[in-house]
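Undergrad: Chains as they are written, first to last, in this note's numbering: chain C, 1 to 113; chain Y, 1 to 111.
Heads up, a few of these hints could be off.
For lysine-lysine, the following DSSO-like pairs were computed, each having C-alpha atoms within a straight-line distance of at most 30 Å [what the hints assert, rightly or not]:
id, chain 1, residue 1, chain 2, residue 2
1, Y, K26, Y, K70
2, Y, K70, Y, K98
3, Y, K98, Y, K26
4, C, K78, Y, K108
5, C, K24, Y, K69
6, Y, K26, Y, K69
7, Y, K108, Y, K70
8, Y, K98, Y, K56
9, C, K68, Y, K56
According to the in silico footprint, chain Y covers these stretches of chain C (three or more CB under 8 Å from chain Y) [unchecked claim]:
id, region
10, 9–17
11, 45–59
12, 103–112
Keep in mind the hints are simulated off the structure, nothing from the lab. Computed from a predicted model, the values in this text were never measured in an experiment. Don't be surprised by glycine CBs; every beta carbon is placed ideally from N, CA and C.
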Amino acid sequence: DAGVIQSPRHEVTEMGQEVTLRCKPISGHNSLFWYRQTMMRGLELLIYFNNNVPIDDSGMPEDRFSAKMPNASFSTLKIQPSEPRDSAVYFCASSSWGAETQYFGPGTRLLVL
Amino acid sequence: SQQGEEDPQALSIQEGENATMNCSYKTSINNLQWYRQNSGRGLVHLILIRSNEREKHSGRLRVTLDTSKKSSSLLITASRAADTASYFCATDTGGGNKLTFGTGTQLKVEL
Numbered sequence: 001d002a003g004v005i006q007s008p009r010h011e012v013t014e015m016g017q018e019v020t021l022r023c024k025p026i027s028g029h030n031s032l033f034w035y036r037q038t039m040m041r042g043l044e045l046l047i048y049f050n051n052n053v054p055i056d057d058s059g060m061p062e063d064r065f066s067a068k069m070p071n072a073s074f075s076t077l078k079i080q081p082s083e084p085r086d087s088a089v090y091f092c093a094s095s096s097w098g099a100e101t102q103y104f105g106p107g108t109r110l111l112v113l
Numbered sequence: 001s002q003q004g005e006e007d008p009q010a011l012s013i014q015e016g017e018n019a020t021m022n023c024s025y026k027t028s029i030n031n032l033q034w035y036r037q038n039s040g041r042g043l044v045h046l047i048l049i050r051s052n053e054r055e056k057h058s059g060r061l062r063v064t065l066d067t068s069k070k071s072s073s074l075l076i077t078a079s080r081a082a083d084t085a086s087y088f089c090a091t092d093t094g095g096g097n098k099l100t101f102g103t104g105t106q107l108k109v110e111l
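Here chain Y stands alone, though its shape is the one from the complex (with noise of 0.2 Å):
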């Protein structure tokens, strides 16, 4: 079953502004990580956030993780075309190495 659930299932932005996708999971967690998928593409990761930690940055990539509210959200800032695609969380609950993913975010980022 799914362990993440993401908001909104759909995107669509102008370039230069900012994108921000949300993630709610179920259980308690080790770490929370975020993919990105381009289209017909496997996964790359990009970011990932210790379940002791709050915040992290990585370029233009940011993101926090609210562990009492079991949420955590990507912020992507003055997004690119080359942004388009989707997002997923993977949440980490220590089981060897083993995610679950959320349902994805599909990001549009109109010239």
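If we strip away everything but chain C, and leave its shape as in the complex, we get (with noise of 0.2 Å):
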């Protein structure tokens, strides 16, 4: 199997650009979930999906963030408009539901200028 699949891994763009990070979870696995990752707030859950519905977007830090899961193999995070303080480590994890433990994929490197 080959993982949770992200992409890109890198991205750097300018204050104000709309960024769109995507996610391919295990095949198999129905529930999804975006973390960020910072070293002033940590590992941070944004939004987590099961059945490709979304049930608790309570992570999500304001309404320049969005998140959609249109079918069970895909998944998007889009910001718009980009800030610098957006600037983090995305992680995308899935897992199958009932099952406890989560995969996580390599994650993106975003960097807002």
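Two chains, each in its own frame: build the complex with the hints.
TA: What follows is the structure in structure tokens.
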């Protein structure tokens, strides 16, 4: 199995630009999680989906952030417009519903100038 | 907000020594998990302990859980340079697979 796949691995953009991060979960997993990791705030859960439906988006920092899961094999996290404080590593993770462990992707390192 | 606080924040030991990391949390849990993160990589699940368990072993890993103190410890025995990584505890409070991660302990194992 290829594991959780994220793209791009690195993204450098200018303030105000739209950023789209992509995630392909492990085949057969029906829960998907988006996290953000920074030195200041650690690892924060932004949003998670079960069976493509958003369950809890209370961690999404503000309206500039949005996430979608149009099908079981693809999810996006969009930031529009981006700001320098959005600079972080964004992780996607997946798990089987009812299974307790999560499998993480390699992350996308985002730098907003 | 962080559910788990880990202690110490950083730990440096010699290869062959044991490493102990502690995690404290605030609310009742279904289970507590430990993950490892190598520099520049994603997190990897190590071990899970349920709320009705007190101790669990997996290879060189030993995890304890004290629900009365809301704390857990991870012991890595006979450490190796390859164990150098950050270690995070994560708590499952029963909210549908949702995990809350601690602040992490940076472990450095020197040759």
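Undergrad: Could you run down the list of hints and mark each one as holding or not?
TA: Hints, one by one, checked against the model:
1. Distance hint between K26 of chain Y and K70 of chain Y is fulfilled; the C-alpha atoms sit about 7 Å from each other, no more than 30 Å.
2. Distance hint between K70 of chain Y and K98 of chain Y is fulfilled; the C-alpha atoms sit about 18 Å from each other, no more than 30 Å.
3. For the proposed pair K98 of chain Y and K26 of chain Y, the alpha carbon gap of about 16 Å is at most 30 Å, so the pair holds.
4. As the CA atoms of K78 of chain C and K108 of chain Y are separated by approximately 35 Å, the hinted pair breaks the 30 Å bound.
5. At roughly 39 Å between alpha-carbon atoms, K24 of chain C and K69 of chain Y are farther apart than 30 Å, so this suggested pair is violated.
6. Of the pairs offered as hints, the one joining K26 of chain Y and K69 of chain Y holds, with about 9 Å between alpha carbons and a cut-off of 30 Å not exceeded.
7. The straight-line distance between the Cα atoms of K108 of chain Y and K70 of chain Y is roughly 26 Å, inside the 30 Å bound, and the hint therefore holds.
8. A C-alpha spacing of about 22 Å is found between K98 of chain Y and K56 of chain Y, which places the hinted pair at or below 30 Å, so the restraint holds.
9. Proposed proximity of K68 of chain C and K56 of chain Y is contradicted: the alpha carbons are some 38 Å apart, above 30 Å.
10. Coverage of the region 9–17 of chain C by chain Y is violated. Counting CB-CB distances below 8 Å, 0 residues qualify, and the rule asks for three or more.
11. Restraint check on the region 45–59 of chain C versus chain Y: 5 residues with Cβ-Cβ distances below 8 Å, three needed, restraint holds.
12. Chain Y is given as covering the region 103–112 of chain C, and this holds because 5 residues of the stretch bring a CB closer than 8 Å to a CB of that chain, at least three being needed.
The structure fails to meet hints 4, 5, 9 and 10 from the earlier list, while all remaining hints are met.
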